[in-house]
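*Asks:* Listed below are the residues making up each chain.
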Amino acid sequence: MTEHTPNLKAAKITGGVATDQRHDSAHKHVAGTAVYIDDMPEPAGTLHVGLGLSNVAHGTLKNVDLSEVRSAPGVVDVLTYADVPGENDVSPSGMHDDPVFAQGKVQFHGQPIFAVVAETREQARRAARLAKIEYEELPAIISIWDLDTEKDKQVASPLTLTRGDAAAAIAAAPRRVKGRMKLGGQDHFYLEGQISLAVPGEDDEVTVYCSTQGPSETQHLVAHVLGVPSHAVTVEVRRMGGGFGGKETQANQCAAIAAIAAKKHKRAVKVRLDRDEDMTATGKRHDFAIDYEVGFDDEGNILGVDYIFALNAGFSADLSGPVGDRALFHCDNTYFYPNVHAKSAPLYTNTVSNTAFRGFGGPQGMVGAERVIDEVAFAVGKDSLEIRKLNFYDPMGAPGDRNLTPYHQKVEDCIIQRIVAELEESADYARRRREIAAFNNNSRFIKRGMALTPVKFGISFTKTESNQAGALVHVYADGSVHMNHGGTEMGQGLHLKVAQVVAEEFQIDLDRVKITATTTAKVPNTAPTAASSGADLNGMAAQDAARQIRKRLAAFAAEKYQVPTDQVVFLPNRVRVGNQEISFNDLVKQAYLNRIQLSAAGFYKTPKIHWDRAKGRGHAFYYFAYGAACSEVSVDTLTGEYVVERADILHDTGRSLNRAIDIGQVEGGFIQGMGWLTTEELWWDGKGRLRTHAPSTYKIPLASDRPKIFNVALTDWSEAYEPTIHRSKAVGEPPLPHGMSVLHALSDAVASVADHKICPRLDAPATPERVLMAIERLRAEAAPKK
Amino acid sequence: MTTVKTRNEIRFILNSEDVALGDVAPSETLLDFLRLKRTLRGTKEGCAEGDCGACTVLVGRLSGGKLVYESVNACIRFMGSLDGCHVVTVEHLRGENGNLHPVQQAMVDFHGSQCGFCTPGFVMSLYGLWMKSPEPSDAEIEKALQGNLCRCTGYEAIMRAARAISDYGKVARDPLLAERRAVTARLEALKDGSRVEIGAGKSRLVVPADVDDLAAVLEAEPTATVVAGSTDVGLWVTKHMREIAPAVFIASIDGLHGMSEDKGVITIGAGVTYTEAFATLAKRIPALGPLFDRLGGEQVRNMGTIGGNIANGSPIGDTPPPLIALGATLTLRKGTVRRTISLQDFFIAYGKQDRAPGEFVEAVHVPVPAKGENFAVYKVTKRRDEDITATLGAFWLTLAKDGTVAEVRIAYGGMAATPKRASAVEAALVGKPWTEATVEAAMAKYAEDFTPLTDMRATAEYRALAARNLLLRFYMETTGTKAPLQVSRYEAA
Ligand SMILES: Cc1cc2nc3c(=O)[nH]c(=O)nc-3n(C[C@H](O)[C@H](O)[C@H](O)COP(=O)(O)OP(=O)(O)OC[C@H]3O[C@@H](n4cnc5c(N)ncnc54)[C@H](O)[C@@H]3O)c2cc1C
Ligand code: FES
Ligand code: FES
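So the protein lines, in turn, are chains D and L.
Each residue of the first sequence is one higher than the last, beginning at 322 in our numbering.
Each residue of the second sequence is one higher than the last, beginning at 162 in our numbering.
Chain D extracted, bound-state conformation:
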């Protein structure tokens, strides 16, 4: 990059907030020079790790013979639970149920039992296969489908939300429907797998370069495993090759293993999982079994609803409790339920422990809500969009009494009506509905379907202490700025957005702000970059830091030039002090010479929110993000194969910090959500072995799965109701559930084979197989009984 001379006449800085900026690392991404952890030059003598994984889903370890492993070429050491200096536990929930290495028993197929440390990665992987392990196999629970949500083991305490009397309302309702939905999980399939490189330091110190969304948590857990104070451990990450929630807690095990080995052998140690191991041994999005019963009137107004959200937690708690909670928080989606009862059940199974995944249970809650809408629509014989509109929360500005969520928070910022109205118009919903009906009448084998689904997503961590952030900003004597904050970059453009905020605050061009790696040594005790909160929290913290410095600069200028502080105005790349303009760089230089502190730590905590889990009440979310999507599909009724003909999305990011980045999040979120609900199928065999553990068998969307016509727009009129960072809204998770529009479009196409009289109850993922089987089922049900 060439040295930049600031434009001192500019009317606007380049790269402030609410401008479209390219990703700060884009030129490095395309050139292959962006450094991911596996690309860092290894310190001399770096050792490599291969994991030994359990071959059974549940059993006691009778005999673990690692002698051949130890004597294999290149092997330096083999680590088991006995080598863990501190606690053999990386449980993020404090439940002590997530061993680094299995001890005494294994609880899922693929659970790490030991780690081979060798001179090369290949030697480590080869040696790991030589273990002779005898198990005493125990009965294994592989699926939640047949479990009892009252009696069977749960890994965390369930949540119940109640408002009104759902049972009475359903019983008294003119119409009722009851059903059950199967909703599959999802592998993150970040392109960069889990990886950690630990470099030992003096005394008890260790630095771990880790592809983690939660450096502070990785730090604390590595310290816990090593039995050292957190101050001995530094965790750093410049960027991840994708995270999606899969590196919130799941990065910790590799980090811990690398650190144990590094400390033991006083050499750098790298743990990089092979894709198959990554998919087998690390957690995923939870699959759910959703029981629902709804009471409604002949118009389709919902009167009462009852849900049980059973989720497959896997063998340990991890984040399953909160994921179940968030499913309940979103079981209303955009709908007001006059009476509601909803409970979660995070069930124990002998499968990998499921974890955070973009949306964190929220999308699963919404999918349940939309199934209920569909049931009502078929029962009363109306287009499901009509039923949706009928049941929306009251709009912002015209609130009636239909605005209370199942957790007793008032929805004050509802803009779904306007979004849906605009989308119906731009997507030409009514005309296409008619065209699809005509097409289907004339086409024997290919059937079309369409659906428009809304989204309301609550923004904030429900764990209150996570809603805090820190930042560290230095202005160097030449006026260039070093920016650091607790958020991590996984492709979402967080660093860029925060840098835009800092540039805006100082009124300097974006390229004067240096983005630096996230490290626990600069900003401590941070929340994981999750819950879509990255820019909201860290942007605010960085703004706070920049403001402190700016205030000091202003006070200094006022004093030096003898003007009131309100006559010090930060203009693009310069500062007006009274009647004269000084370049920002010069002012900084003078401030430095006059011993003004040019560094500040910023801090932010989200106001207003509180949550009483025991009572199921609170102001759980600072605000909501909204959006809607309309998708059309063609389905081959002979094979169940389909294509997405068109999708239109209108999404709310408030007053966007960077529309280019936000549109990328919406497009990517939609495709990821679509993949979850269509072709991405996790398939365990009878022995509890995940058989879709690689891209050859686990099918995420390709470029050729995109909608043929794909229109994405942001609500340019919207701004956050609360004073968020420049009135923007979070965008990471909220677009993902737009993928529901594809599921419902498929369902609509399926319904056409029975003249839209029967609710298809299409489960997810709606693979071609599920679609074809639903078609067959509907045809059989619709056929005249013999």
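The hints are simulated quantities; they were obtained by calculation from the structure and are not laboratory data.
Only true hints are included.
With a straight-line cut-off of 25 Å between C-alpha atoms, the simulated DMTMM-like cross-links for lysine to aspartate or glutamate are: (1) D:Lys-333 - L:Asp-270; (2) L:Lys-400 - D:Asp-360; (3) D:Lys-872 - D:Asp-832; (4) D:Lys-453 - D:Asp-404; (5) D:Lys-1029 - L:Asp-270; (6) D:Lys-349 - L:Glu-178; (7) L:Lys-227 - L:Asp-373.
Which stretches of chain L does chain D cover? Using the computed rule of at least three CB atoms under 8 Å from a CB of chain D, they are: (8) 196–209; (9) 265–272; (10) 280–293; (11) 308–322; (12) 612–624.
Pair ranges (Cβ atoms, derived): (13) L:Pro-645 - D:Lys-703: 24 to 34 Å; (14) D:Glu-440 - L:Thr-384: 27 to 37 Å; (15) L:His-401 - D:Asp-398: 18 to 28 Å; (16) L:Glu-534 - D:Ala-758: 36 to 46 Å; (17) L:Glu-622 - D:Glu-756: 32 to 42 Å; (18) L:Gly-183 - D:Met-361: 26 to 36 Å.
Every residue, glycine too, gets a C-beta built ideally from N, C-alpha and C.
Here the structure of chain D is known, so what remains is to put chain L with the ligands in place on it, guided by the hints.
*Replies:* Positioned in the frame of chain D, the structure of chain L with the ligands alone reads:
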């Protein structure tokens, strides 16, 4: 006994550097070589099994004297297969003035990267496409990207970038193409007609000089692993850590890349890649075109061979069923002895083929359907592209003057332990009027031919049902109906 010259190193060009390697293991992949030995770390590993494209590089090779660059998966490409090639990694890309290359600049400007991990692979795939087709259609772009996964962008931004590349520079001024003549000369100089032999025992690697030399090598070492495109063998190494030595690399043997047509029969050399075969087959047997478009991703098609697809004996290989339905035959060779058998007879049982130790597949012979011969093949998968078959049906049928079925061959993949004929179904059709009623009656016979399995790709019930329905689709297609019979991404091709 051979009289060929031998050499103890492989020689190739890496970006601009001439490389001669005497120390190379048969199982060493190009990706490990780049990342570990050369610290060229722009090329990423996302899966190590050829499915994600993060490791995409271009390999230039002389094909009939012409230099072609093709995208390949470095993760499953063995070093032994690179003799005489030009390997181009993302580090070698540059624009005219040392700036970003047009492909790269378009990706930057259209926000084609988010986390960036997949990006070098996309850049290389798009570069390979752009060299061949500077103004690509969406269909071409999507096809070129079938072997590249991106989990962040949802692809739309990448598509925008791909459409705009030529706005950033002209192919004619591309540095790599400008050097074409010089590189061709350098590669020609590397072809010295030698056999390459490196190492012994577990580290033995052979690149035969020509087909006769291959025959001699295999006869002398009948337990050697033949490695063609390595889209199968690559995974034995990266996933199962199997020993493949002694390994005999045949991808660079020109004599196996031939395609010719004589009296309505196309002969395809065993080393012909899917990409090479496609051009001819899609023209001469158009029904095969869409199948080839959905076989693997572009990188796999650039590497994988028809010979390998047959020789591996897989029950879910995509080319055997259509070739069986077309009545193809296979030439096998051992030493100087050749025999030709019907392709159908090659597949004996799961994991068992009619191939003797030391014998190899030399060519397959495919009759082109004449006028009046109906032929179709349909592949059914979970995901439309770059997915392995759940069930695949191939149909060849002629009608008698009276509208009854004269002859019919129906073959399926994914329905049994081998690619298999549907004899009971065929019997139910022959001699019957070719009507929907006949077809329906025949559909009931599938249960006699097949008892498919349930696995992660599909249940037995689905396989059985979809397979049956494909016959109805075929029937409808032969009626010449205008109604759509398949969902498709592209309007009436
Ligand atoms: C990402 C990906 C996607 C794929 N998608 C598909 C798909 O859609 N459809 C499909 O059918 N397959 C698919 N495959 C599988 C693979 O492409 C085929 O099996 C391929 O045809 C193998 O050919 P190859 O040249 O790569 O063979 P190799 O891997 O080199 O060899 C395969 C086997 O054949 C033997 N062999 C090869 N050539 C000869 C010969 N001339 N004589 C004797 N033995 C020989 C080898 O010894 C080995 O046993 C896919 C693979 C990957 C990695
Ligand atoms: S690393 Fe995934 S295709 Fe090579
Ligand atoms: S940009 Fe992250 S996988 Fe493509």
